Amino acid sequence: MKPPPFEYVAPASLEEAVAALAEHGDEAKALAGGQSLVPLLAFRLAAPSVLVDLNGVAGLDHLSEEGDRLVIGALARQRAVERLPGLGRRCPMLAEAVAQVGHVAIRNRGTVGGSLAHADPAAEWPALALALDGECQVVGSRGTRLMPVEDLLVSYFTTTLEPDELITELHLTLPDGRVGSTFVELARRHGDFAIVGVGALLGLASDGSVARSRLALIGVGERAVRARRAEALLEGEQPGDELLDEAAAAVDDAISPTSDLHGSATYRRQVARVLTRRALATARARAEGKEDGPDGQA
Amino acid sequence: MVRREIELRVNGRSLRGSTEPRTTLADFLRDELGLTGTHLGCEHGVCGACTILLDGRSVRSCLLFAVQAQGSELRTVEGLADPDGPLHPIQEAFSEHHGLQCGFCTPGFLMSVCELLADDPDPDEQEIRAYLSGNLCRCTGYQNIVAAVQAAAGKLRETGAGPGG
Amino acid sequence: MGRRLRRKEDRRLLTGAGTYVADLRLPGLLHAAVVRSEVAHGLVTHLDVAAARQADGVVAVLTAADLEGRVGRFPEGARTEISPALVEKVPLEVPSCPMPVLATDRVHWVGQPLAVVVAADRYLAEDALELVEVDYEPLSAVRDPETALDPATPVLHPELGDNLAARFAFSTGDVDAALAAAPFRLRQRFAMGRQAANAMETRGVVASWDPGREELTVWGTNARPHLLRAYLAAMLALPAERVRFIAPDMGGSFGTGVYSEDVLVPFLALHLRRPVRWLEDRRENLTATRHARDQVHDLEAGYDAEGRILALRDRFVVDSGAYNPYAITVSYNAAAHLRGQYRIDAYAFEGRNVLTNKAPVAPVRGAGRPEAVFAMDGMLDLIAAERGLDPVEVRRRNLIPPEAMPYPMGMPYRDGVEIVYDQADFPDQLASALELFGYAEQRARQAAWRAEGRRMGIGVSSYVEGSGYGPHEGAIVRVDQTGHVLVVTGAKSHGQGLETTLAQVCADQLGVHPDRVTVRAGDTALIAYGIGTFASRSAVTAGTAVGLAAQAVRAKVLEVAAGLLEADPADLELADGKVFAQGAPGTGVTLAEVAAACAPGPRSRLPEGAEPGLEAQRYFVPPTVTFASGTHVVAVEVDEDTGFVRLLRYVTVDDCGQMLNPTVVEGQVHGGVAHGIGNGLLEEVVYDGDGQLLTGSYMDYLVPTTAEVPPIQVGHQTFLSDRNPFGIKGVGEGGAVSPPAAIAGAVADALRPLQVDLSELPLHPERLFRRIQEAKARQRGST
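Protein sequence lines, in the order shown, are assigned to chains A, B and C.
When we follow numbering that gives the first Met the number 0, the leftmost residue of the first sequence carries the number 0, and every step to the right adds one.
When we follow numbering that gives the first Met the number 0, the leftmost residue of the second sequence carries the number 0, and every step to the right adds one.
When we follow numbering that gives the first Met the number 0, the leftmost residue of the third sequence carries the number 0, and every step to the right adds one.
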């Protein structure tokens, strides 16, 4: 399973990278972590004439917290995010999701920008971005734009990125206060692609009602989605068990799973409901300080 | 196709080689540098047999192109022990605990364990299993691998040596 | 023997200094890539390799036309070697259907080799593959083994007339009468899906032809070197002595086979007069190598009110794929092992191998036993449920009691010899397994969890395994003039540590440390006859051969030393590489000195009439198989809402007779259990309606990882075999036999009182979830 031949370009700057992509258009593919792209080349499911290696481009792998914003450079390795001190306490959903992306060796190379741009409907990062009000900075030969991730994702392995555009940064909002979150996945084996995954976040007001809710799902159709009707059901209400049941059931509206080897559409709907219910229970418990986050800290 | 010259350090030695862009790092190590200890089990990044350390981090060498390793510091299984010297504590533990049978997946496991014990010198069984779930073995049932890692961790903590991989 | 020695092969494997076939370097080596059929069933209407031949770096492209008259079809060894004794006793039909090396005008499975490209490197060879033009006229693909014999189903090989590849039937006891008379009857279909052997090392062949000496040397990942050599000699019309096959370090095997590439690559070396290498990639491996399982059993049992089985009838079908190179090996195995430890004297079976448009099936770790045990244990669970009895108790009631041993099973084994179980104590084995498992505490835990709404279950499965299959295995033991011992055998390790265990056997006889014994295996030039390592046979057959040869050498050592020391051989001892009078270790001679005394020449100190050299060659011909056995107990937790099964705890108790090295034995059991867990829950080879393979990568074919295999505790029970002088029984496969059955039983137990249909494996989450839903619907419907 050897890759087909390609011309290799290793730009040293963002400008050079964009220029190379602009020059070659559809014939070129950007290489970031390579954990998704290189297997495609090995199976000869993709055969770009030009590979533009972004790993030498300086200034794309930063990670910083600015207030409640987490700024992640597109070339930041997933493992670097995973190992941010205090991430488990700051945002359990993020910590738990990243820890389920493949295995350590994959996360050592795989990048956040790469995952977003690849847009695998079973990938965690698009859902995380949706759940955390993610915006991405996109740079192309026509300039820079800031785009909500909602507008980036289109369908299976398809985004609104033009051939000459690169994601350079992802901005996430990590909410403060009485917030609890989690990311749960059902995968055949540890580290496998999710059959279905759910990111749930609940922020509670001082009276215990839901001030903020986010439900993002993967493995449920052509792209990651937010279950907005389910979120709306929760907002402003006391998060009792029956309400959580209702919200979990309401997720069904937002999803359009299809059938494949690892799960039929019917099964995915069932799992989406079950996982959402469990995720909401955990998010609630954590928001109420009744359950620890993944670091063992409430 | 145009060949490129690359310079890199492998197991502490500076090396130079030439490669085509599409040659994977795994193939480069094996064919160009003659370091056949790194094995190919799937060539699509799942089995972990090709795992090496690149700048201290475990990577699937089948998912990297050799040209990407320009200027990097690589550690392969051949670098864990001198050819006539004593085994590295991790290797020693694998033998003592029968953590290998056919040996094909073993180099990948060893390099992954180097990183595991550098990140976490005292992992419990669950942590070991979670960390190593990216390395497939068909022979051992993993039981003795877990025991070997626990023993190696103990040994390294005792001697104060890092995994050094 | 029997000690937990560290393995001699470890150092080179741990340091990356092992030599697997992909590590071999030959000057001028060329690299092959195989063109494979992309349709499951079709006529090849157009095959044009001209463009591929012109591609960069390509040296040759060969098709079947280039092999015509120069490479024969595969001999059907498994068919022609069916024991005449078996044929006499069991009506057998095994039509001849030899596989071609390269497909000619018709293809029968996706992945079937059609042509081969040889180039300067594999990258270029794969580039050239894309330039080969193939057109097919697709034919309807046969997918379902249960309808493969229907008249309307297309026939794969017209010369056969239908899709039957083998058939046999037999009965012992009056089954019809016993079934009719039985107070209760149950009939159930059990199906186990197709699996892949999946060794971590993919296959590979390197071949080199020396035109001056007219000698062919082949290296390959094959645990049957002498068989390969024989096939090559036959198919390439070469004298056997001019063909040498060497198996280097092997990264697992889990099943043997002779494949097109095994012959193609040597032929290329001959034809091109350059060394050639082919390394399989994982996609090819999952597509074309060693598929297994894929059986459907229609099992009917008659039983009494206590759950004792009075009669059993099994009609089963094995989906053999497009060819059946293994004849009745797997299918007859299933029939022979179905009853396992249970006393069922009225038993009738009919087995069929049928042909479908899938990859050919080979014996893979377990080789028919897991499928049969799954059906048998599944039936016992159904009986227990029907009678309202504890499934463990029902098993207990059906076990053959120790006082009945040795127990004739009323049918021949595949070697034609009547199956008579050795000494064994199955009830004690069950009791030990339950005790090791902490059965009472685990039941208490189950009850406590149930109160919390959690579904924990416990499952039990047992098996008997005929091990140490013949016809023979040989060993040469030779002491050199440094006192070092060389052992040569036709067996071949692929992870089971024969370099260490056979050294242990030899070391015992010769009074040396195993460090002074070197084992060389898997080279046809070193020993005249060999069978190979598969079917849990090497500890028994090679172990015994080594022991016998070493005993013979020992006798000669004592005789020669007696001459040197002017003593009586009966008064001498062998220890630490020295021969000395009993009680006087300081005196005496070294093994090296004895070896020197045996050298030919005028200064030889050999006894009158003795042959020069300190060496013996022995072949062990086992009288029949020897029966190992085991009992497995597993605890699982089932998530009813998703169908996920989590394994909590796994315990085995095995009787493998005299262990060569308990650590190696336990490792074999661990690995077997992990394999069985894969078979039961994760692994499945899936074809779509057109016969296209959907599981051609590790994304889709799922082998267990560290996270899916629980801690495994192994206990031992020891009944020495009486079928070889050392009491050895085989253990390589046992671990893989019971897990699917035990897991299914545990899942059933977890979901009780809901009666879930668990008759189809693997139990992947969606399948289990649906079965649970169906069971709930049935429950609702009946209330």
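To be clear, the hints were calculated from the coordinates, so they are not data collected in a lab.
Take these hints with a grain of salt, some might be off.
Claimed, not checked - Facing chain C, from chain B, some residues (calculated, C-beta under 7 Å):
(1) G40
(2) C41
(3) V45
(4) V76
(5) P106
(6) A117
(7) D119
(8) P122
(9) S132
Said to hold, decoys possible - Now the in silico label distances, taken between C-beta atoms and shown as ranges:
(10) A/G24 x C/A776: 52 to 58 Å
(11) A/R82 x B/K154: 21 to 27 Å
(12) C/R777 x A/P84: 49 to 55 Å
(13) B/D119 x C/P238: 58 to 64 Å
(14) A/E221 x C/P470: 56 to 62 Å
Stated by the list, open to error - To list a few chain B residues with every Cβ distance to chain A over 12 Å, as calculated:
(15) V1
(16) R21
(17) D26
(18) E42
(19) G44
(20) S94
(21) G107
(22) S111
(23) A146
This one's a predicted model, so the numbers in the text were calculated from it and none came from an experiment.
Backbone N, C-alpha and C fix where the C-beta goes; we use that ideal spot for every residue, glycine too.
Now for the hints, and whether the structure bears them out:
no.: 1; hint: G40; verdict: 5 Å, holds
no.: 2; hint: C41; verdict: 4 Å, holds
no.: 3; hint: V45; verdict: 4 Å, holds
no.: 4; hint: V76; verdict: 4 Å, holds
no.: 5; hint: P106; verdict: 5 Å, holds
no.: 6; hint: A117; verdict: 19 Å, violated
no.: 7; hint: D119; verdict: 15 Å, violated
no.: 8; hint: P122; verdict: 12 Å, violated
no.: 9; hint: S132; verdict: 4 Å, holds
no.: 10; hint: A/G24 x C/A776: 52 to 58 Å; verdict: 55 Å, holds
no.: 11; hint: A/R82 x B/K154: 21 to 27 Å; verdict: 25 Å, holds
no.: 12; hint: C/R777 x A/P84: 49 to 55 Å; verdict: 54 Å, holds
no.: 13; hint: B/D119 x C/P238: 58 to 64 Å; verdict: 60 Å, holds
no.: 14; hint: A/E221 x C/P470: 56 to 62 Å; verdict: 59 Å, holds
no.: 15; hint: V1; verdict: 8 Å, violated
no.: 16; hint: R21; verdict: 5 Å, violated
no.: 17; hint: D26; verdict: 8 Å, violated
no.: 18; hint: E42; verdict: 4 Å, violated
no.: 19; hint: G44; verdict: 5 Å, violated
no.: 20; hint: S94; verdict: 24 Å, holds
no.: 21; hint: G107; verdict: 9 Å, violated
no.: 22; hint: S111; verdict: 7 Å, violated
no.: 23; hint: A146; verdict: 19 Å, holds
Violated hints, listed in ascending order, are 6, 7, 8, 15, 16, 17, 18, 19, 21, 22; each of the other numbered hints is respected by the structure.
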